[in-house]
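Q: If you read the sequences in order, they're chains A and B.
First residue of the first sequence? That's 1 in the numbering used here, and the numbers climb one at a time after it.
First residue of the second sequence? That's 1001 in the numbering used here, and the numbers climb one at a time after it.
Hints in this document: simulated from the structure, not taken from any laboratory.
Honestly, I wouldn't trust all of these hints.
Stated by the list, open to error - With a cut-off of at most 30 angstroms between alpha-carbon atoms, the simulated BS3-like pairs for lysine-lysine come out as follows:
#1 Lys1071(B) / Lys96(A)
#2 Lys79(A) / Lys42(A)
#3 Lys96(A) / Lys1009(B)
#4 Lys1009(B) / Lys69(A)
Quick caveat, the model's predicted, so the values are computed rather than measured.
These are the residues of each chain, in order.
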Amino acid sequence: EDQVTQSPEALRLQEGESSSLNCSYTVSGLRGLFWYRQDPGKGPEFLFTLYSAGEEKEKERLKATLTKKESFLHITAPKPEDSATYLCAVHITAQKLVFGQGTRLTINP
Amino acid sequence: NAGVTQTPKFQVLKTGQSMTLQCAQDMNHNSMYWYRQDPGMGLRLIYYSASEGTTDKGEVPNGYNVSRLNKREFSLRLESAAPSQTSVYFCASSEERNQPQHFGDGTRLSIL
């Protein structure tokens, strides 16, 4: 069965304290992996797409990396405005996107 | 730059009532999707439309119907609402099926 697992479920950091979020997957075939950010009461906002092992993408304080079994979202020197739930989703077939349950990130000032 | 617009934002229904959730996108995307998001379950695909004129079932289609009215609009209908359909519903669109999906801000639906 196709499965996407994110860890930890929740993470509290102090402002400036760098860390990483994990997305591990067991799927029949990977067409791509997406990272999204979701703020309370809002829909997911697209961040990155990764297609092959070894690929990396960066945006401001965020960097996403991909291996054959997992992806990491590294956050460097986070600010309170980076607080959100981060979702990863694995594209298995043209229309099938399997989402993880998300990591709720809180950055304390 | 509206992106994906969903109406209504909130709705309360009684068991057995029907309603239609509306979704429109202004990005000229070909593919559109309906998801539900429940605590501890993640986002699950209800129906999708790969292109105008086509619709297909997703992971949890029972109790729902959809209509791709034109390229811009994709509606989701609950014919006889049940408490198990209490959820947050998201519409999304993408340029093609394998491209990143862009989401609306959701409809929060409670069924009593």
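Q: Could you work out which of the previously given hints the structure breaks and list their numbers from low to high?
A: 4
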